[in-house]
Amino acid sequence: MSDSQGPLWEVFVQKKSGQPFVHCGNLHAFDKEMALQNARDLYTRRMEGMALWVVLSEHIVASSPEDQGSFFEPANDKIFRHPTFYQVPDIIKHM
Amino acid sequence: METINLESIFEAKLAKNEMIEPKDWMPDNYRKHLIRQISQHAHSEIVGMLPEGNWITRAPSLRSKIVLLAKVQDEGGHGLYLYTAAESLGTSRDEMLDALHTGKAKYSSIFNYPTLTWADVAAIGWLVDGAAIMNQVMLQRSSYGPYSRAMIRICKEESFHQRQGYEAMTTMAFGSAEQKQMAQDALNRFWFPTLMMFGPPDSESPNSDNAVKWKIKRETNDELRQRFVNQTMPQIEYLGLQIPTNSNIKWNEERQQYDFSEPNWAEFKNVIHGNGPCNKERLKARNEAHKNGEWVREAATAYAKHQNEKNIAA
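Just so you know, the sequences run in chain order A and C.
Numbering of the first sequence is given in the working numbering, commencing with residue 1 and proceeding in unit increments.
Numbering of the second sequence is given in the working numbering, commencing with residue 1 and proceeding in unit increments.
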């Protein structure tokens, strides 16, 4: 929703290098630089992260809740994709 | 038929303690209730910066000044988290700010009381933030996802607020006789306004029923108020202060809880309706701040537009 506050941006923060970037919230800003600075001031005042991503909210493509069932259905009956599906002889200790 | 189906999906989610997310179907009244509650909560954070901000330049030490600055900055951040949570329900920042500035929207009645002494700033951290945290800990489990997530962040940050307030109160209560008296006065003045923060008694709370049914709130106003008194009484005793004037706090052996006097609910209504000691001052300060920032918003909008045009041209 864009009003006198500028467009909405989503903020992702990485706690330490090597870890995934995790969504932490959103904010309004007028451009990339301002979005990044606002994100720093709003979401990392206590060293919550060492790296930030900001992206315009309108650029996020999201699955829709109504289609949740059918959309994720293909993964629903494929327990053979998990290691616990398979039997390993007891004497094999490390696998 | 369609609506009945959507409503039953919504009810089933609540029953399973699943979160409702912005794109999920929700009853209009649930949406309206949330917009009202979250935006008022956001306004409270922003207006709450004023009584404390009043003391930044007069904090008694560099340490207390740094701490107060950090705390007031946190409150601003909390307001921002909450505004975007409310925006996810389809309202806009401009609409909400307009409602605040015209006096249409409410905010916590507590911020319409003045901070007369440094002990008042300590009492706000200790009592007002303490009461707010009690409410907010419950709201972490609120059924609306963005509200719950904002509350989790807020609670994490807020835990230092109450401690610093109690620390400042301890300094006063164990200081000179004059300081101790200031601490007592602050406790006396802030006690009932703090109890009012939990809202009207359950028997006459117009918004509570639905909020509990929809799991926006998990506990009632009276339950939270009782818990707050139970938790606070030992803290008063430690400070060596008298119980607040007319509070009648007394241990009830049978109930295993403290009995206490209800606040003056007529005063509460009066303050909510704009007639507290500082309502006009607070609204004036917010309106001026917004007006003084207008050139910044205009310049930023023009700059963003210019940048966009440049990008398109390139």
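Incorrect hints may have been included.
[Stated by the list, open to error] Partner residues are not named here, just some residues of chain C that face chain A (Cβ under 7 Å, in silico):
1) E7
2) S8
3) E11
4) K13
5) N17
6) G77
7) A300
8) A304
9) K305
10) N308
11) K310
Worth flagging that the hints you see were computed from the coordinates, not collected in a lab.
These numbers come from a predicted model, not from an experiment.
The C-beta atom is built at its ideal place from N, Cα and C for all residues, glycine as well.
Cross-check of the supplied hints:
1. E7: Nearest chain A Cβ about 14 Å off; hint violated.
2. S8: violated, 14 Å
3. E11: violated, 15 Å
4. K13: Interface hint status for K13 (chain C): violated (10 Å vs cutoff 7 Å).
5. N17: Hint violated; N17 (chain C) Cβ to chain A Cβ min 17 Å, cut 7 Å.
6. G77: OK, holds: G77 (chain C) within 7 Å of chain A, min 5 Å.
7. A300: holds, 4 Å
8. A304: Interface hint status for A304 (chain C): holds (4 Å vs cutoff 7 Å).
9. K305: Where the cut-off is 7 Å and the nearest Cβ of chain A is about 9 Å from K305 (chain C), the hint is violated.
10. N308: Not OK, violated: N308 (chain C) not within 7 Å of chain A, min 9 Å.
11. K310: This interface hint is violated because 11 Å lies over the 7 Å limit.
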